[in-house]
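**Q** Sequence:
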Amino acid sequence: MKQHRNSTSSKSLMELEGSPVREPTETDTPLVQTCLQLMRIPLEQLTTESLRLLIGQQIGLIFLMPLALDRLETDAFAAGDLYVGDLLHAVVRAPPKFWAAQPQLRSRLDHIVMDLKDRILFLERDVFPNYERIYGA
34 MKQHRNSTSS KSLMELEGSP VREPTETDTP LVQTCLQLMR IPLEQLTTES LRLLIGQQIG
94 LIFLMPLALD RLETDAFAAG DLYVGDLLHA VVRAPPKFWA AQPQLRSRLD HIVMDLKDRI
154 LFLERDVFPN YERIYGA
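Note that the sequence shown covers residues 34 to 170 in my numbering.
Honestly, the hints are just simulated from the structure, not real lab data.
There's no promise every hint is true.
Claimed, not checked - Per label pair, the in silico range of CB-to-CB distance:
1) Arg73 to Arg152: 31 to 41 Å
2) Thr62 to Ile145: 28 to 38 Å
3) Tyr164 to Leu64: 38 to 48 Å
4) Tyr168 to Asp61: 46 to 56 Å
In this text, all values refer to a predicted model and were calculated from it rather than measured experimentally.
We put the CB at the ideal spot given by N, CA and C, even for glycine.
Build out the structure end to end from the sequences listed, making use of the hints.
**A** Here it is in structure tokens:
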């Protein structure tokens, strides 16, 4: 899978999807203008914010989700411009049909989310009660 990503990383969504992307116009919303511009940029140059925006608009999921998961496997709370964890939020909001059709990607997401659940349980069970003892709560 990494080999496939490497061969596509120098290409833009427009090239990968094989369809031209129109130029943004003044009448387009800023979000539409940004997405149209981002679709022309090579995948390897997309920022976390770019991924969050495009995935949030359900654009190019098959090409962008592996990149987003790479980042989330390194930092589950990777942030674009909105808040800590906004990339993960965009990823989990992708349509269930997408995840059903992509079991390998879904498995990667499962590992990320399960790791977060384990961390929450650890905090709730071991850290928070002991921390509260410090203050006599």
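**Q** So, for every hint listed, does it hold in this structure?
**A** Evaluation of the provided hints:
no., hint, in the structure
1, Arg73 to Arg152: 31 to 41 Å, "holds, 38 Å"
2, Thr62 to Ile145: 28 to 38 Å, "holds, 31 Å"
3, Tyr164 to Leu64: 38 to 48 Å, "holds, 41 Å"
4, Tyr168 to Asp61: 46 to 56 Å, "holds, 53 Å"
Against the hints set out earlier in the document, no violation occurs for any number.
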